[in-house]
Each structure stands twice: as structure tokens, then as C-alpha cells.
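Chemist: Now for the letters of each chain:
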Amino acid sequence: MFGSLTERLKSVFDSVRRETRLTPESVELALREIRMALLEADVNFKVVRAFIDRVRDRAVEKAVLESLTPTQQVIAIVRDELRGLLGEGTGGLPVGSDRPQVVLLLGLQGAGKTTTTVKLARWLQGQGRHPLVVSTDVRRPAAIEQLSVLAGDVGVRVHDPDTRSDVVGRAESAVTLARSTGFDVVLVDTAGRLHIDEGLMDELERLKESLFASDLLYVADAMTGQDAIRSAGEFNRRLGVTGIVLTKMDGDARGGAALSVASVVGVPIAFVGEGERAEDLQPFYPDRLVSRMLGMGDVLSLVEKAEQVVSRDEASRLERKLRGNDFTLQDMRDQLMTVKRLGPLDRLVDLIPGMGQMASGLPDNFDPRAVIQTLAIIDSMTKGERLQYKLINGSRRRRIALGSGTTVQDVNRLLKQFVEMRRLLRSVGAASGQKKKRRARGHMRHGLGFPMG
Amino acid sequence: MSLVDRLRRGLRRTTDQLFGRLDTLTSERRRSLDSGGGPEATASIDTLEALEEILIEADLGVVATNRLIDAARGHVDGRDLLASVKGELCRLLDFRPMPSGSVPCPKVVLVVGVNGTGKTTTVGRLARLAIQEGQRPVICAADTFRAAAVEQLRVWAQHVDAEFVSARAGADPAAVVFDAITCGKARQCDIVLVDTAGRLHTQVNLMGELDKIRRVAGRAISGAPHETLLVLDATVGQNGLHQARKFLESSGVTGIVLTKLDGTAKGGIVAAITADLGLPIRYIGVGEQLDDLLPFSATDYVDALFRSSW
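Order-wise, the sequence lines are chains A and B. In terms of our numbering, the first sequence opens at residue 5 and continues consecutively. In terms of our numbering, the second sequence opens at residue 27 and continues consecutively.
Calculated directly from the structure, the hints in this document are not laboratory data. From a predicted model like this one, the values you see are computed outputs, not experimental measurements. Built from N, CA and C at the ideal position, the CB exists for glycine as well. Keep in mind that the hints are not guaranteed to be accurate.
Said to hold, decoys possible - Each computed EDC-like pair below joins lysine to aspartate or glutamate, with the alpha-carbon atoms no more than 16 angstroms apart:
id, chain 1, residue 1, chain 2, residue 2
1, A, Lys50, B, Asp329
2, B, Lys112, B, Asp329
3, A, Lys394, A, Asp338
4, A, Lys50, B, Glu275
5, A, Lys50, B, Glu75
6, B, Lys238, B, Asp205
7, A, Lys212, A, Asp102
8, B, Lys238, B, Glu275
9, A, Lys387, A, Glu424
Said to hold, decoys possible - Cβ-to-Cβ under 7 angstroms is the rule here; a few derived chain B residues that face chain A:
id, residue
10, Glu83
11, Val88
12, Val129
13, His268
14, Gly289
As the list claims (entries may be wrong) - Simulated restraints, written as ranges between beta carbons of each label pair:
id, chain 1, residue 1, chain 2, residue 2, range
15, B, Gly313, A, Asp57, 37 to 47 angstroms
16, B, Val89, A, Val423, 26 to 36 angstroms
17, A, Ala54, B, Arg162, 54 to 64 angstroms
18, A, Gly244, B, Ser248, 35 to 45 angstroms
19, B, Gly313, A, Gly244, 48 to 58 angstroms
20, A, Arg58, B, Arg194, 36 to 46 angstroms
21, B, Val181, A, Glu238, 26 to 36 angstroms
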């Protein structure tokens, strides 16, 4: 998601790295590039200026310029300062002292409050909590229905009292219901409003006071431009925002608004929304984001993601398979399904250190459609064929191609890749220690690219 | 209330924030000239930097900002500086109306955009505009994905009293569009307004779905969709340019609708979009009422923006 910003910064650092000695002039040149990159990523103008000034002050110090590794030091300074912009914050939604804990979701029209309400409820359920959601959006036509349908689809309990026009009344009755029936969190979806709409901002103040809401999450579109700090700042000034949820991060927004809002408004980013499914909401971790922005990868996120979708049993079964000599097309299919469950490949690649570069060099190899095609081909094989690939002769290949809507060439290519993979896996299984690791990396390069050719 | 008045009312905050500052800037500049600093050959670096800051904060983006600043360079007097910025903005945003050949009946207008920009509301307002012009619109609810999107649009259709065609949730949007066009033909309506589901421009398969809608529409009536409007939220930053480019590539966008201009956001990215992609802005949304959608006119827009200044 921060791809472009990362690339810009990387090329700046690459040119800085080539310099054996840094001069104030070369630092200045790099700073100008960094400034452009940040501005194009929608980081607020004032934030950029202050950021550049701070980096300059620290970078041109004698100690830095004359140190043995000046470029490394400059990069470290940039990382520190970026990290500083994002503020302290652990991500997620801490358990409050109130029962029920009342959470308001606020923001401009179209930021994604209703979707986020349901995603957050799902996330809380995953934490073992019992959320109840209620809509107070009595203004937008069918907003209440939207929440009911979304929540119903994923098994989140929604409260929809008959009072269709009383904003505070709707929320209060939800809190009362929660208290009497044991829900420990109430998520209140609010109508989208402009931060300069006095009447509607008053309404939020009333809502906050009458509900004793402890958490106020400001929902912001990651694609927002320079105006982000103005609207978020005003919501915070009037209501005291406790956290920010950045939505639509699955697009190609560079997310500069995240940096601006966190640093200017001083409110930590609690969650990021990265897709249309109810599961696509992640707690936000500043450290991981900064590493990711600087192209250092985010192994922690990857490991967590993998743990979510691959059970331990499955993993050890797969490992036995990989080590043994009986890797079949069926296993390849299972593996692909696992990879698919992890999410879009291109997003996954972002998480692996160094892979970002590799992927940009081989864009076609990471075409997610190719995975689907490979699955279609394997799905068109008989059970026997999947377990014993040698069965697949010319006429079977024609049948498989027809069945999967591909060509015989596609089937041939897949089989060739499969044989190659088997060979590789055998060598991995036989090898050990350092050697194994090196091969495994080679396998990763071919492996993640295998179905694509 | 006249069109320009309404435009100005909606844009007042934008004007105050953006061009109020420009005004201060230029008058300060003039004062310094009046106080006998002696005319310099070019606008000072400070002035240009301040101008750059203002334009970047209005989300025009670095490229469009540089273009405007290059135009402003070389002018000494404050009035000239402002006039040249204004002239350049106008030149960027102005476009010739599309050649109106034989008017297709019904005319099919596709409304597309990323999630949450205001497509559904815009469709309701376009229907209202059409009715005010004496046309009979059909509203087509092709957003079968977002929960309750159809109900939301149904309410708008009832408000403005337009024909309404929808299908159950999860139905094929292209089929709904086909039905709506067939309905429009049978009832001799003038215009079919199609609301589509919000989609991020990076989602290849959803962009493909738009392509299918276009193909099916073209089969229902030749040349359809006759117009494809991309709805952009005025708060959007540089990503707006990516959005416009991707939607232009995959669904042949013919014009922009800039919504939510009644906030403090300026929607300056449209300057970059028109400069880079040549896409005209067709309408702007300046409020929450049904008739707060106005046809875009570059001169009125820029005039309204600068009115408080001069």
C-alpha cells in the first residue's frame, strides 16, 4: 500500500549509499527528494516541512557526516523521525473499565464507518469479546438497513429499536440492552458529517455525554489529501478522539494522511482496513509500518497472517510431504489454496524483506489470476491424475485443457513446473543446514512464482 | 438563488481558506511594493514559495502547482500574479462541451467511482436535474453488492419521482442495466442513470465487471453508455489522479463529478486530472440537499473561488 513512497525513498537512499562521503549539499539533495516523495504521498505540507527540518538538523551534524557510516546514519535518522510522526500506539482496542464499553465511530461521509463498525465487531469477537452494534445514522437513506444486513451476514448482533429518528435514544437503548443481556462492548455507528456542521457536531457531543462513551474512533479514508488534518483535528478538538481507523488501505493510496493525522492531531492509529471482507481489519503497528515503508519488510505480520490460516497440523503434514518424495499435484493445490487464503499475493510480497524489489522486477510473475488458472487446471484433473501425474497423457491433457478453459500449452507448462518443483523439493528435503536455507530461498523465488510462468 | 450564488455559497469556505490567503499574500506583496521597496524583475522567492504552499495544500499536486507557478513567474504586481494564476487555472479546467450529435434515446449515463465518494446520492441528484430539464429519467440500481444500496437509491427515486429498476442483492449488475435500458426504451424515457457499486481502482476483477456492464449496455442500445461519470470526493489527495487514470483506462470515463465541496477540502486534484488526462469536470456537489449538484463551468468556478479576493 505504501509501495510508491517506499520506492521513492529507496531510490533516494540508494543514491545516498553510493556516496562515500556525505556533504551538507548531498544531504540537501536527498532531502529535496524525500520532500517530493512525501508531498506526492499526501503527507501534509506543514508536516513535511517540519520533518525535513528535523532530519536536516540531525543529519548535518559533524558527528554524522564524519562518522564511518554516514548514509546508514542518515537512514536511521529518517526512520526515527518517521517513527516519531506515527506516535506511540499499540494498535487495537484496549479493554476499557466500563461495562459495557461504549465505542463511537465518527467521520466524514463515505469514509467507511458502517463497514468498519461490522469489521471491528468481528475483530472483537475474535478477541473473545461480545459486541453489540447499533446504527444512529437516521439521515442517509437505508444506512440502518446497511448495518443490519452487514452485521447479520457475519453473525454480529445488531440492535435496531423502533425509534427511527431519535439518535441518542437508539444508542441508549442499545447500551441498556447490552447491560441486561451481557454484551460487553457497544459499537455505535454514526451518520457521516462535515466537521464544520455545527448542528451535527453538537449531536455527537450529546451522544458522547449521554452514553459515557469511552472510545471515540475517527474513521478516515486513506486516500484523503491535505484536508485530512483539518477534519480529523476538528473532530478531535470537539470530541476528543481516542483512535483512528484508516480505511481503503487496499488501494494504491500512499497513505500520507496516516502520517499527517497521527503527528498533527496526535491521535494514534488504532486499525487499518484493507479490503471488503469482514476480516479485513488489522490492528496498526507503527514499527512495522515504518519498516515496510523503508523496504525492510514486515516478517512479524507475515508470520501472524500465516498462523491465522494454516493450522499447526496442516503445516507439519505439509512439511513431511515436502521432505518426502511424494509431493503430488493435490498437495500443490492445497498449497495454492493456503497461499490464496493468506490474501492477494502482491500484498503478501510486501511483507517479505527484500521481496518488494524482486516483485517489482518480475511483475507478471505475481499475477493473482495465474493462481486461479492453475487451480482451475488441477481441479479439472481426476483424483488419480492428481496423485500420479505420470498418468496424464496427450488425450488427458486435451480433456483437462477443455475442462479448465485453458490450452494444452497451459497444461503442459503447469506439469513442467510441477516436475521442476518436485525436483527442487527433493533436493531441499535431502539437504541440511545452511545449504537447505539457501535452496529454500531459491525455492521461494521459483515457488511463489511457480504457477505463473 | 442564482446558480453562481449557490455555487459561491457552497464554495465560500473553500474560498476563504484557499484564496483568502492568496489575497492576503498578494496585498502584502503590493504593500511592500508601494512602500518603495522598488519593483523587482520577478516575484520574490518568498512569494512563490508561499504560493506553492497554498496550491499544494489545496491538493493540486506538485506537477500542477509547478505549472501554475511557472505561469506566475515573471509577474511583478500582485494583481498580475493572481490574474495569471486564475487565468492558468481557468485554462486548465475549461473544456469544450462534447459535440452533441443525434441525441440517443434513451441516453445511458454510467456513474462509477471508488467506495464512499457519493455515487448513489449523485445519481439521485442527476435524476432531479434531468426532471428539471423536462426529461424523463430511469434510475438503475446496479450496485447489487453493498448492503442496502438499492434501498438507499429507491428512496432517492421516490423523492424525485423517477422510474426505478432494481434487482435482488447479489444479482448480476449487467443484467439490471440491460433491464433498465429495456424499460427506458419501452416507456420512452430520455435518460437512464446507472448507479454502480463502489470499487477501488486497483481491483482488477471489479474493473472487469464494469467492462461487462458497458458491453451489455452497448448491446441493449447502440453507443451505450453514452456518458460515464467518475465521482470524486473533494477530500481526495493525489490518489485521485490514479483513480481517474485507472477508471479512464478500463471504463472510458468521459467526465468528472466532484462531490463534497461544501467542506473545507478543495478538490484541487481535478486540476492535475484535467491537465494530465483531459477529463472535463461536468458537475460539482456543494451541499446535502437534492439540488446541490450544479453543472460545472470553469469560469463560474474560478470566478466564485476568487470573488472574495477581488
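Chemist: Holds or violated: Gly289/B as interface residue toward chain A, Cβ cutoff 7 angstroms?
Modeler: holds, 5 angstroms
Chemist: Has the given pair, Lys212/A with Asp102/A, been kept, meaning a C-alpha gap of at most 16 angstroms?
Modeler: holds, 14 angstroms
Chemist: Are Lys387/A and Glu424/A close enough, with their CA atoms no more than 16 angstroms apart?
Modeler: Violated, at about 21 angstroms.
Chemist: Would the hint linking Lys238/B and Glu275/B be met if the CA-CA limit is 16 angstroms?
Modeler: Holds, at roughly 14 angstroms.
Chemist: Less than 7 angstroms between beta-carbons is the criterion; does Glu83/B satisfy it with respect to chain A?
Modeler: Check passed: Cβ of Glu83/B comes within 5 angstroms of chain A, closer than 7 angstroms.
Chemist: Measuring from beta carbon to beta carbon, are Gly313/B and Asp57/A in 37 to 47 angstroms?
Modeler: holds, 40 angstroms
Chemist: Holds or violated: Lys50/A with Asp329/B, Cα cutoff 16 angstroms?
Modeler: violated, 28 angstroms
Chemist: The hint says 48 to 58 angstroms between Gly313/B and Gly244/A; measuring C-beta to C-beta, is that right?
Modeler: violated, 28 angstroms
Chemist: Holds or violated: Lys238/B and Asp205/B, Cα atoms, limit 16 angstroms.
Modeler: Answer holds: Lys238/B to Asp205/B is near 14 angstroms, not above 16 angstroms.
Chemist: Can the suggested window of 36 to 46 angstroms be confirmed for the beta-carbon pair Arg58/A and Arg194/B?
Modeler: violated, 56 angstroms
Chemist: Has the given pair, Lys394/A with Asp338/A, been kept, meaning a C-alpha gap of at most 16 angstroms?
Modeler: Not OK: Lys394/A and Asp338/A at ~19 angstroms, beyond 16 angstroms, violated.
Chemist: A range of 26 to 36 angstroms was offered for this pair. Does it hold for the Cβ distance of Val181/B and Glu238/A?
Modeler: holds, 29 angstroms
Figure legend: structure checked against the earlier numbered hints; hints not met, in rising order: 1, 3, 4, 9, 12, 16, 18, 19, 20.
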